[in-house]
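**Q** The lines below spell out each chain.
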Amino acid sequence: DAGITQSPRYKITETGRQVTLMCHQTWSHSYMFWYRQDLGHGLRLIYYSAAADITDKGEVPDGYVVSRSKTENFPLTLESATRSQTSVYFCASTGQVWGTDTQYFGPGTRLTVL
Amino acid sequence: GQQLNQSPQSMFIQEGEDVSMNCTSSSIFNTWLWYKQDPGEGPVLLIALYKAGELTSNGRLTAQFGITRKDSFLNISASIPSDVGIYFCAGQRPGANSKLTFGKGITLSVRP
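Same order as they appear, the protein sequences are chains B and S.
Take 2 as the starting number for the first sequence in the working numbering and just add one per residue.
Take 11 as the starting number for the second sequence in the working numbering and just add one per residue.
Isolated chain S (complex conformation) (with noise of 0.2 Å):
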């Protein structure tokens, strides 16, 4: 099945830096959306776009939907140890029904 691209497929950052990461397709996308996944659970959603060249922010996070809809940027300011986790970008395709096609994640570490 189709993948969006996340890479690399880990990071490592020191508290206090910002990071920055990308999800890309070949496809367009009317729906990108970024979860979280702490060790043991579920994916949370963080952060929902639904327009192109749409940016969103929630907290420390921003995440922009972009242009040619073939593509969403993550941002994290000032991390913190709790930022730690996987971070999976999702998006609906049109006439999907629903269905969201995933990244395979990146996990963040944040060292003190």
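So here's chain B without its partners, still in its complex pose (with noise of 0.2 Å):
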């Protein structure tokens, strides 16, 4: 199905373990973008690529890493899990409605780390 999709949808880890979070997405879109989501503080910017090796800090970066080498793809990586990190992590990608950018977003991973 073509759309924007996240693996796995549930993670649960260990405090110092490495995750990485995967994002694929089949509209051949230029912009993609990752999101943490935590009560009290909405949707909060960490990563975004404007394009293949492309990559730039969003509003909260710290021990996150992000790669693009293909278009379609965008993984998160955590590379020393901290409880801090348990959150709710979505992927989105811009595309063009009647010319104009319009974010979609993935389903979501919803991450724990123990």
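Careful, some of the hints might be misleading.
[Claimed, not checked] No farther apart than 25 Å at their CA atoms in a straight line, the calculated lysine to any residue pairs in the SDA-like style are these:
#1 B:Lys12 - S:Ile96
#2 S:Lys109 - B:His25
#3 S:Lys114 - B:Gln86
#4 S:Lys114 - S:Leu56
If you are wondering where the hints come from, they were derived from the structure by calculation, not from laboratory data.
Join these two chains into a complex; the hints should help.
**A** Here it is, written out as structure tokens:
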């Protein structure tokens, strides 16, 4: 199916472990984004990418690493997970609707760090 | 980071009632988007607004891009139980390179 997918949908890990969350989109959208959603904070931008091999920090990038070797994939890695990184993570991509950018979200990954 | 202002945090209405939500900012936005998020799912785009003063409908939903470009409104008419969820506004500022600024969302509950 076309669209934006995330895997895994649920993940439990331990403090200090490395975790990679996957995001894949089939639209060939240039821009892709990673957000985390926490109660009281809404959606906060972690990293974004304007194109393959171009990434930039968002509002809360510390503790996260991203890469984008292919347009359709934008993995997010927690190099050494901490309990404060327990959250729901959303990937999004931007496509054009009537010539103007509109952002579409994946279904999310619920990550628990014990 | 800058946030858009959405209040109240929660709204409770009776099935069949209309409900209005607004989203305000001290900054100008070029684009306003309204999303709905169901439990356990990602936000889904409801309505997109691209010009100041624009009024757009999507079924029972109507949204407006404020004339000042600093606010937007969403109205849901004749609410039904499946309208329950979190409603987010998002705006794109001039020169933001597709990045969006989000409100914290309003949780809507609909009593049958």
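**Q** Compare the structure with each hint and give your call.
**A** Results of checking the hints against the structure:
1. B:Lys12 - S:Ile96: Cα-Cα ~23 Å, so holds.
2. S:Lys109 - B:His25: holds (19 Å)
3. S:Lys114 - B:Gln86: Measuring from Cα to Cα gives roughly 19 Å; hence the hint holds.
4. S:Lys114 - S:Leu56: holds (16 Å)
Comparing the model with each earlier hint shows no violations; every hint is respected.
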